[in-house]
Amino acid sequence: MQQSALAFRDADDFVRGLSPFLEMGAYEWLWAQSGVTFEKLADRFRARPDALPSDFVPHDLARATARDVVATFAARGVQRFGLAINQTYEYPKALRDARHPVEMLYYLGSWNLVETNAIAVVGTRKPSPDVLTETAALVQTLVANEWTIVSGLAEGVDTQAHETALAAGGRTIAVIGTPISEAYPRANADLQRRIADAFLVVSQVPVLRYYQQAWMQNRSFFPERNITMSALTLGTVIVEASDRSGTLIQARAALQQGRKLFILDRCFHDPDRKWPHEYVRQGAIRVRDHAEIVEALRDVHRNR
Amino acid sequence: MFTAIDELLRPFYTHLTAADQCYFLREYTSGRGFAHSETNRLILNLKKAPDRRGLMEWRYKERAVEQVAREFRASFNLPRLRTVTLVPMPPSKRKDDPLYDDRMLQVLHAMDEEHQLDIRELLLLSESTTAAHASSTRPTVDALVANLGIDDAAAKPTPASIALIDDVITTGAHFVAAKRLLTIRFPGVAIRGFFVARRVFADETA
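Going down the list, the protein sequences come from chains A and B.
Residue 80 in this note's numbering sits at position 80 of the first sequence; the count goes up by one each step and never skips.
Residue 33 in this note's numbering sits at position 33 of the second sequence; the count goes up by one each step and never skips.
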C-alpha cells in the first residue's frame, strides 16, 4: 500500500511528524468507545504528554475510522475542513489552559483568527429586548476597538453577538456544540455558513460519536464547548444569565484558566441572584460602562 | 512536530501523489500580509529580499532563519538525521544574480550546531526565474525540471536518503521536479520534502 510509505512514530525515522488523517481517525476511534469523556481522554494524555491519539489506537482501525469521518462529513456536504492538532505549530498553546484540554479541533474558515485579540460574548438564550440591545451596543464597542467577537452560535445573546459583529464589519468566531456538519439551532444554519465563509467556525465535537448517540447525550457537548471558547479568548463577557445557565460554565472556566471575566451590571440587579457577587469575589469585573472592558483588556493584548 | 501531507491534505496539491512524502510545520495564508498570523510574519521575514540587506529590517530575516532552524531541529530526530543528505531547494535566482537568496541553506547551517549534518547544494538553477509566490502563471513540472541541474561536485558519495528543504509548498510542483531529477541521478534513493509552511487560502475550508 502506498499509504504505508508515510512512516509514523517510528523511532528509527529521522522525522518527528504526524498524519492528520491518522490522528483524526484515532481521536474519533477513542471517542467511539463507551464511557469516554473529555476528562477521561485528557487524563490519558496527561499521563503521556508526548503521546498522539494514534499511540493509543491500532493504525488500521484509525485509518478505517478516518475514512468513516470523511464519508460522514461528505454525506452532509462538508467536503473540506481543517484540523488543529496538539503538538503542531498551528495548535494554540492557550488551549492547554483548559482543565481537560482537547487534543484536536475541527474548523471551517480561517484558523489564524484564533491568533487575533479575541473576546467571548455570551449569555442567556432567552434574552429580553433590553438585553439584545445591550449585547449589540457592547459588540459594537468591542469591534470598534479591533476585538474579534467569539460566541457559541446559540439563540439569544450568542446570535445577537455574531450578527452585530458581522453587521459592524468586525471579525467573529463561532465555537459550536455540534459537529461542523450540523447547526444548532437549525435557524442559525445560515449564520453559521456566513461565519465559516468569512471567518471561523470551531468544533471539538467528535463526529462519529455525535451521530451514533441520542440527542440527550449530545447535550453535554454544549457546556464543554464553553470551556474551549474561554481558553481560545483573552476574556469572557457575560451579558445576562440566570442562576442555572450554561453560561456560568464559561464563567468558571474563565476564572480557572486565568482569563478576564466581565459581568455586565444588569446581572447584579436581581437581589436574589448569587452568582455575580460570588464571581466578583473570585476576581470577575463588574462592568457598568462597556468602555471599561476595553480599558481592562488594554494590557492583555496578545504580544503581536 | 511536522505534519504530513497525507490523504486528507493531498487533494489541495495537484502535483503530489501518494508516493510523495512531504511535511510542513506551519500554515502560510496566501494573499494576506504580515499581520495575518505569526506564520505569515515568519515566512515573509524569511523571504525578505537581499536588496534589504544592511537596513534595520534585515535583522528580522536573520531572526526568521534562526527560528526556522530551531523549529526544524525540534522536529527532526537529530541523531538519525546524520545519515540523511539535506538539500536546499534552489531559490528562484541563480548564484550570480544580485537577488540570489540562499535562505534555506542558511537555515540548514544554523541547524547544524554540532557540524555533523550532510548539507549539500546538489541542485542548481540554469536560469533565474520569477519567484513562484510573486508570479501569476506557474511553470509546468517539465519546465521546472528543464531549468534544474545537479552539481556533480556535490553528488558523491551517493546519498543514503535525501531531504529536500524549502520554505513554502504551494502546489508541490517544485518538489516533484526536484525529486524527478534526483531520482534519475540516484535511483532507489528515498526523497522526502520538508517545508516551513504549506500555503493555504483564508477560505480554503469555508
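None of these hints come from the bench; they were simulated from the model.
The reader is advised that the hints may include incorrect statements.
[Stated by the list, open to error] Interface residues of chain B toward chain A, partial, derived using beta-carbon atoms under 10 Å: (1) Tyr-13; (2) His-15; (3) Leu-25; (4) Thr-29; (5) Arg-53; (6) Phe-76; (7) Ala-163.
[Said to hold, decoys possible] Derived DEER-like restraints, expressed as beta-carbon distance ranges: (8) A:Arg-244 to B:Asn-77: 37 to 43 Å; (9) A:His-100 to B:Ala-160: 53 to 59 Å; (10) B:Ala-49 to A:Ser-220: 52 to 58 Å; (11) B:Arg-32 to A:Arg-80: 14 to 20 Å; (12) B:Gly-188 to A:Ala-47: 39 to 45 Å; (13) B:Asn-77 to A:Thr-37: 58 to 64 Å; (14) A:Pro-58 to B:Thr-14: 41 to 47 Å; (15) A:Arg-80 to B:Asp-151: 39 to 45 Å; (16) A:Ala-291 to B:Asp-203: 32 to 38 Å; (17) B:Asn-77 to A:Trp-215: 45 to 51 Å; (18) B:Gly-149 to A:Arg-80: 34 to 40 Å; (19) A:Arg-80 to B:Asn-77: 16 to 22 Å; (20) B:Glu-113 to A:Gln-212: 48 to 54 Å; (21) A:His-277 to B:Thr-14: 57 to 63 Å.
None of the values given here were measured: they were computed from a predicted structure.
In this text, a Cβ means the ideal position worked out from N, Cα and C, and glycines have one as well.
In ascending order, which of the hints set out earlier in this document are inconsistent with the structure?
Result: hints 1, 2, 5, 8, 9, 13, 14, 19 break, sorted rising.
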